[in-house]
Structure formats: structure tokens, C-alpha cells
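Work the whole structure out from these sequences, hints included.
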Amino acid sequence: MGRYIIRRLLWVVFLLLVVSAVTFVIFYTLPSGDPAALRAGKSPDPSVIADIRHSLGLDRPVYVQYWLYLKQIVLHFDFGFSYQNSQPVRQQIFERLPATASLAIGAVVVWMLVALPIGVVSAVRSRSIVDRLSMGGALIAISAPVYWLALVALYLFSSDIGVIHIFKGAGSYVPFSDSPSQWFSSLLLPWLVLAASFAAFYARLLRSNLLETLSEDYIRTARAKGLSERTVIWRHAMRSAVTPIVTILGLDIGILLGGTILTETVFNIPGIGRLGYEAIINSDLSVIQGTVLFGAFFIVVANLLVDIAYAFLDPRVTYS
Amino acid sequence: MTPLLEVDQLKVEFSTKDGIVHAVDGVSLHIEQGKTLGLVGESGSGKSVTGLTVMGLTRGRGADIVGEARFDGRDLVSMGSDELRTLRGNDVAMIFQDPLSSLHPYYKIGRQLAEAYRTHHPKASRAEARDRSAEMLDLVGISDARARLDAYPHEFSGGMRQRTMIAMALINEPRLLIADEPTTALDVTVQAQILELISRLQDELGMAVIMITHDLGVVAELADDVAVMYAGRIVEYGPTETIFAAPQHPYTWGLLGSIPRLTTPRDEPLLPIPGRPPSLINRPSGCHFHPRCPYVQPSHREIDPMLEPIPGEPGKVACLLTVEERRALWARLRDGATPDEARAAVLGQVAPA
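Chains as they are written, first to last, in our numbering: chain A, 1 to 320; chain B, 1001 to 1353.
Just so you know, these hints were derived from the structure itself, not from any lab.
These numbers were taken from a predicted model, which means no experiment stands behind them.
One or more of the hints may lead you astray.
Partial selection, computed: residues in chain A whose CB lies under 7 Å from chain B [as the list claims (entries may be wrong)]: (1) A224; (2) G226; (3) H236; (4) M238.
Quick reminder that beta carbons are idealized off the backbone N, C-alpha and C, glycines included.
Here is the structure:
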């Protein structure tokens, strides 16, 4: 097990190297703008742009820039600074992480609270009206793009531009440390919107997993023992049915922690996703790099944690 | 002596999108305390569904169940689910064909055994349930039983898993054990051990056993009575000695003719029953066996035979041939005649009518 984890950690480092290199190359072959020109202000003198380019190190060969970038990360955990506002990237990301984490974790809670009962009821009462209605609804929720759903939700239910004033609108985010109640009310609509398609997906997944498990021989054995139907479903069938869901949940959390660009942008939540979005608009390479690396880091680490968790969830799985 | 279990005109039908599956069609059988009943037939003959229905395991699932299954005077078919659950795994237990998939892969053996015990002994402590589980594993011949409680099913061999299943079924000392092809998935050497084990435990615990199998060899060794099933019905039913010495139904003859024996010369081919088991959705008209029967007469395609007592014998049979014809046919088959030769000699027909 220990060896396996070490091997996987080395693999994580390698993957992050590849990700950072790819981002570098993409930015230089397909730049969204000249960072030096953008930083120089309106109608600048070419010599000013050249000066800025020199001071940012942008006049050096790409591989030198990449090497210096890596050296700073490894030696000082320094991700450079923003071309836009000269703030250190590390500081910016850490400042915005709580907003992204609040959005992601809250959405996870919402979608699991919705998906678990719906999935179980749909499987246990499969082909019933309840099952058909919830699976039909799930199909709609999965098909609705999150940015569209977010806009519709804002136009219908937000307290500023909505038809019915129920939820707080875009740009109302308040950090938890400032006011937990306002934090909660400002995130409620984003949570619901972000959770919608996930809830639908997880409900469908749980339903099909549970249906498959319920036809297993060991479920028949559990019934033959005289266990109550509740015990059969919750202790025997669910134990097997949720194992693959835990895997996917881990990966999804990893992906969401890396930034939910669309939801954060529509609701104007100052998270990592929005940071990355603004950096792309402004050709702010070091911030793009930072957010991409962070996203990649969360995904590969989530992957690793899920694989390790599997050995505990399924006794048949061992790593050597 | 009143039977421990008396199944009366049991019918089980499943509605599927292709039509109604007549899985069990009017089965009546009985078994006394301490006795063994062999329920024999091919795949799809309804023998497993009969067993599962007695356990109440076909309920829900779109099954339409009529008839009665009186256990100790109480009807298991009409009984409420909660009441049935108190009997299931307690007074009536079942073991299944595939021990590899019948144990929960994520739970330790000990936990699965203890759960079976504590479900019906709610006052038992964890320690008591664990002791009882170890005792049962020891009883079914698993060495170092206490240490094995902490093993997972995948760490056990197929034979050990079936022993575990037996331990789990017998942990509450049931009065009736339904064994659904308990040895089919196992090696031949292990098969013999498991059958011996069931037989020994039956003597020790005094329980009745319904042995569901397609293997007449198993039945010959263990069963007091045999019911031969075909297409959801019992076609021949009687004491084991009678069924083996003087079988009456052409299907039983076919089953007996298709068993390999050590005494059969090696170059002599086995005689399989031609054709396939019929569809249980669109069953053949008349006698359901007629499309595969070498002795079929034109009227057999029209008339549906009843399971009736055999004159002068203790058993029952559902066959439209006369008892004299059946005796004469079996006499020739027993002496080594092929079905074609027997038919020509007794019925005077070269080809099936």
C-alpha cells in the first residue's frame, strides 16, 4: 500500500509537469493577447511595451521562462504574480479558494440529499409513476446547460431581477467569516443550480446501480435470511450500489474545487473559476497557469484518494 | 403423520413483455419431518421457482401466485410478509446453486452468519452470535472456524463458501431446508462432500430437506420421495425406489437413460432426450411433453394428462399411455432397447405417430 501511494504521488508530480508545460505551449502558440501591451495601458509607446516585456521576462526563450517558472514553484512555492494587478498568484488563488470550496461543497451536499432518496425510491419502485416522473425530470435536469439554468433561475427567482423574489441574486456573495447567514442565503441559488444536473446524474446512476445490485444472488440470500426489506436495501444492496458512486463523487469534488467557471461567472462569485475566466480575458498567463495547475492538482489528488478509498470500500481490491 | 410442508395446487405466473410465463402450474407435493424430497427436472421446469415460492422469494417481482403451501398448518402463500419473515431463515431455510455469488462480497463471513442468527434471536448479544457462528462453521467442517469468521467470501474456495451458506441456513436450526442445486457449481469431489454434509446435518438436526436438482444420482442417494417436474408440472411422483425400479413416465425414462454410469460400456452412447424444454409462455398443446416424446400418439396432442395414481404402485404419473404399455416399454428400455426399438415392439409403430 505504502509503495503504491509513493508510486502514485510521483505520477501526480509528473502529470502536473505535463499540464503546466501544455498550458505554457498553448499560451505561446495561441496567445489571447500580448500581456505586455495589455499592461502598458492605452496607446503606449512601443519602447514602453518592450520595457515591460523585458521586465516580465517575456523576451526570453519559452523554455527559459518555463524553467524559471518551475524553479520558483519548487523552491519557493511561488506561482509568479499577475500581469494585471501585480498580486502574487498564490495569494489570489488562496483568497478565492473559500468561495469555490463553499460553492462546491454546498452543491455536493444538495445534490446528494436530492439524489440519494430519488435514486433509492426509483430503484425500489422501478417502473412506477414516481420512478418515471423522477427519471423524466432527471433527463431534463441533465440536459439543461448550467449557464442557461443559472440565467433562467436568476430571471425567475432572484431578489433583484427576478419575477418572484425568493433568492439573492448575482454578485451577492459574502464570505462565511463575515456573516454565515448571508453566506448561506447568497449561495442558495448557485448551489441549487450547480447541483441540478449532478443530482439528476447521481439519481440515475444510483437507480441503475441499485437495480443491478437488487438482482444479485446475495440479495436473494439476504431476503432468505428473513431480513426486513429495509435492511436488505440499506445494508446489503446500498453497500454495493454506492461504491462506484463514491468513486465518481470523489472525482467530481476534485473537478469542482478546481473552479466552477460557468456558475461562478454567471453568479459573479469571486472563486477560482472566475479568477481563471478573468485571467483568460486579460491574457494573464501566470494566473491562467496557476488556476490550471490548481485545478489539475485537485483532480489528480482526488483520483488518488478515490483509488485509495476503494481498497477500504471493496475488500477484494488490494494494491501491491 | 401430518406433513411438515404440504403444497397444494401451487401456480406461479410471471407477466413479462413477451407474455405470461407459466413457471409453476398446479404443483402439489408434501414432505414429512426428517424426510427428503427430491425435486428433479431440467432447467426451466419450475423446480427452483417452486422452492423460491415456498420461501416467499417470488413475491412482488410481477409474480401471480395461487394455491397453498401449508407449513405446519400455516399457509405460506397467503401469509403476510412480516409473518413470513419470522419463518424465513428460521423455520424454513434455503441454500442456492451458486455459492460464489450468494454471499455478500463486502461483508466478513462472521458478520453474515451472525446477522442470520441475530435476525431471529434479537436478544442475542454480538458475542453470542459470534460464538454461534463459529460453532456452525465448525459443524459444517471448516477448520479453524473462529479465525475464519474474519475472512471475506473471496478468500474462501467454492466448497467452503457453500459450507458457509449451509452454516448460515442452519444457524437457526430450521425444520425445513430447501437446497436448490447446492452442488451444481462445485467440483465433483466437493459435490460428494457437500451432499454428505447435508445428509449428516439432516440426521443430527432432524430437519426435512427438499433437494432441488437435475441430477438423478443425487436423488437416488438422498431422497425418500421423488417428484419429476416438466414444464412447470409434476409428471411423476413417488417413492425413490419405485421411481428408479419402475419409472412410469417417458420423461423419467429419458432422464434415467441420459445418466452416465460406471457400468455402461465406454463405447455405448448416452441417450439424450431429443429437443429442448418447451417455452413456458406458449406451451405445447395436450401433453406438454408430446413434442419430445418418442411414444407420442395423435390423441396426446389434444388431451392434457392429469397426475393420477398408478394402479398397483405407490406413485403417481401424468401420462396418456396405458399402464400396460408403460410397463412393457420400460421392460424393453431396461433391457437395453433404444426408444425406437421399444416403440416398434410395444406400440407397433416404426416412427413416432
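Next on the checklist: Of all the hints numbered above, which does this structure not satisfy? Sort the numbers upward.
Outcome noted: As far as the earlier hints go, only 4 is violated by this structure.
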